[in-house]
Every structure is written in C-alpha cells, then in structure tokens.
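Turn these sequences into a full structure, and let the hints steer you where they fit.
Protein chains: 2
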Amino acid sequence: MTELSEATVARLPVYLRVLSELAASRTRVVSSDELAALAGVGPAQVRRDLAPLGPNGVRGVGYDVDALQRRITDVLGLTREWPVVIVGAGHLGQALAGYAAFAERGFCIRALLDTDPALVGTTIAGHPVEPADRLEEVVAATGASIAVIATPPAAAQAVCDRLVAAGVGSILSFAPVLLVVPPAVDVRQVDLSAELTVLAFHGQRRDALPAERVPAERVPGGDA
Amino acid sequence: MTELSEATVARLPVYLRVLSELAASRTRVVSSDELAALAGVGPAQVRRDLAPLGPNGVRGVGYDVDALQRRITDVLGLTREWPVVIVGAGHLGQALAGYAAFAERGFCIRALLDTDPALVGTTIAGHPVEPADRLEEVVAATGASIAVIATPPAAAQAVCDRLVAAGVGSILSFAPVLLVVPPAVDVRQVDLSAELTVLAFHGQRRDALPAERVPAERVPGGDA
Chain X
426 MTELSEATVA RLPVYLRVLS ELAASRTRVV SSDELAALAG VGPAQVRRDL
476 APLGPNGVRG VGYDVDALQR RITDVLGLTR EWPVVIVGAG HLGQALAGYA
526 AFAERGFCIR ALLDTDPALV GTTIAGHPVE PADRLEEVVA ATGASIAVIA
576 TPPAAAQAVC DRLVAAGVGS ILSFAPVLLV VPPAVDVRQV DLSAELTVLA
626 FHGQRRDALP AERVPAERVP GGDA
Chain S
426 MTELSEATVA RLPVYLRVLS ELAASRTRVV SSDELAALAG VGPAQVRRDL
476 APLGPNGVRG VGYDVDALQR RITDVLGLTR EWPVVIVGAG HLGQALAGYA
526 AFAERGFCIR ALLDTDPALV GTTIAGHPVE PADRLEEVVA ATGASIAVIA
576 TPPAAAQAVC DRLVAAGVGS ILSFAPVLLV VPPAVDVRQV DLSAELTVLA
626 FHGQRRDALP AERVPAERVP GGDA
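Protein chains in written order, with my numbering: chain X, 426 to 649; chain S, 426 to 649.
Don't read these hints as lab results, they were simulated from the structure.
Some hints could be false.
Claimed, not checked - Output of the computed footprint for chain S on chain X, the stretches with three or more beta carbons under 8 Å from beta carbons of chain S:
1) 434-443
2) 473-483
3) 487-495
4) 515-527
5) 530-542
6) 606-618
Predicted model, so just to flag it, every value in this text is computed and none were measured.
Virtual Cβ for every residue (Gly too), placed ideally from N, Cα, C.
Shown next as structure tokens:
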C-alpha cells in the first residue's frame, strides 16, 4: 500500500465517522463533494486522501459507503481489538468509559483507575474502578497497549511516566500539559477547546460581514 | 490580513495550546522544528501556517512564544468573551463545564441544561442546571451565540433544531450523529475516538516493524 501522510491518517477517522453516520441513515452511495462537505474538508482533499486506498468509488456516481467504511477500517488497523485502560475516573473518565463509539472501533476499555477512595471499588460503565497504585499490575493483567490519561493536569506527567515504564506504547491525553516521553512512545493530546476556537473564528468573521456575504466554505458542517 | 485556509484555522488552536504550555514552562523562544514536533505536524507546514500572520520570529532563532501566542489569540477572535450554553449535563457535560481551558480561551459557560429531574436544580462547576424546556429562554437571557451539544445521540437533532430556532449560530456537537442545519449555521463535531484511531494505526505499524526501524515521524508526540 502507498505510504499515507500523517495528515491523511488524521483525516481518515473523520471520513470513517461520516461514513458510519451515513450507513446508519441507510445512505449507500456518497459523492466526494458530499463526503467533503460532511467531513469539513475540500473535495479535492477527499479524492487525494482516498486515492491511495484503491478503487472504492464509481466514477461520476460516488463512493460505496459500506465498501469505503470497510477499507478505511482495515487500513487503520481497526479490525482487531485494542485493550485500553483509562487513568482518572472523574467526569471525563466516566464519560469516556461510557462512550459507545470506542467499542464500535475496537477500543475495549479494560479498566479505570483513580486515586479517589470514594471512586475506587465503584463500578463505572461495567468496569470496577481500581486504585491508581495498582497501575502497573492492571496494565500487565489487561495487556493494554493504549492508555487514556484523564487526570488533573498536575498528575499527568507522573501517570505518563508510570504507563511508559509499564510498557504502554500509545498514550492519549486529555490533560492540557506537554508530556515528555521516550521517542518510541506515541502521545496524542486532545484539546477539547480547539473546535470551539474554530467556531469562534467563524463567528467573528460572520459578525463582521453582512449575512448574505458569508461564503459557503465558512460553514463546513452545514447542510451538504 | 491574508485569507487563512480552513486547514490552517484548524491548526492554529493546536499551536496555541503548545505555546501556552511552553509559556507555562517558562520557555520564551521556540524553533519551528520544536513547535512542529510538539504540534504533530511538519516544520514546513508550521512555517506556511504562520507566515500569513506576519513576523513573529527571529530568523535562525525561532518564534517569540508570548508574541506568537498573542498574535494567534487575536487572529482567532479569542480576545473577546464568548457566552456558551451546554445542553446535556451528564458526565461529558459536567466534564466540559469544569474544563479550565475553555475559560482561558474566553469561552464562558453561562448555563447547563438537562431533561433529567435529578440533575435540574443542582449546581455543576458553579452553574445551576436548568430544565431543557427552558432552552429558548436561556439562550435569550445569556446571549449565547455558541452552544455545545452533549446529549445522547437520539436527542441531538431535536436539540440542534431548537438551538438554531433560538438564534444560535455556532454549534459544537459531541453526539456521533450527522446534524442537519441551515447553511448559515456552523456545526463542528468532536469525535473522541478519532485520536485513539490514529494511535491504533501507529501501534499496528509499530507492531509490524522491528523496534529500531520505527521512523521518527511516526511519533509526533514524542520528545522534541
């Protein structure tokens, strides 16, 4: 398979989300223009991103929703199960533990950990909350290669260090701090305010323009 | 100012997050290579994205962290306050209501709404939870132009329709369903599993390669 750029890899989950939503609404074929509008990117970008994945479309008609969904799932490695542990069982950790889209993509939450004695021993979304000092044992027992950090910012680096020492190679952090890791460890950060920021940028532009002059490309999530 | 592409606008909040983390760790100058590594994009991309913002760097030295932070804040329209309402006060809504990074960027949560009688009337992160049937009144009273949908998927479209009818122009949805809105309304969706998907892709590649052959560009969150 052709090598995919990081930027393409980051957009494939977006296409996958749109395709699964289209499949849920029983749409069988989607044009690259429609897919682009729903994903919030340009149509030429969609075609460039999807071309290396091989033929998934019918020229002049569009992409086969099911076939393209299967192809992207396969390319992204989502055909297997990925055991995941979540460190931090506050509101965010609890929301993540109950997030149905994780399981659909093969991410199986195997454990939650927290330091709060009021949470340890309770059950969240079917998972007992383990004490944080058992982190190393829990990683070993679950075989987790992916961990989610949903702790307060001040605790994130120490938790990250322990996860890395326990052999976790992929870390998703919701804590707004820079995490220092060895080069072989893959860290990604989620900034929940990033999308709000993009909305603010558009809102500011919209406020500054008469309504009829707002160009269509400013409303990527709009009705396609 | 030069027109910014949608893709650049989407990356500016990422740079802003990295810059504020660098500022918090008292770093005053950052090279485009370091900024690129921390943001998980290529150095050439960083330079292309930041060039239209005017001179913020010293050639051969790097960007001034504070100056660039101020410049991006200004370009993104984050120098004003944006009143925000959150619909859905479950775990995710509660996590968002307490998310400190929102306030830092000027997003002021003005109200939470929910249908659950057990939540209505309680106080979350300093905000009383309002009954969802008061949505129109709450939007008018708070002057919110941005709303966050953190409801179950089945409720999201109906909530979205009511927000749009109440005059909200920008909607951030965490519900994994396609929302249909008039063209003038800006909708963005957050897929909490997207970043996990990218980690899985890298993890799969890493598993398939001898450790020493994992190329450096596969670990964008790695030590810069």
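Now for the hints, and whether the structure bears them out:
{"no.": "1", "hint": "434-443", "verdict": "holds (count 8)"}
{"no.": "2", "hint": "473-483", "verdict": "violated (count 0)"}
{"no.": "3", "hint": "487-495", "verdict": "violated (count 0)"}
{"no.": "4", "hint": "515-527", "verdict": "holds (count 11)"}
{"no.": "5", "hint": "530-542", "verdict": "holds (count 3)"}
{"no.": "6", "hint": "606-618", "verdict": "holds (count 13)"}
In terms of the numbered hints stated before, the structure departs from hints 2 and 3, listed from lowest to highest.
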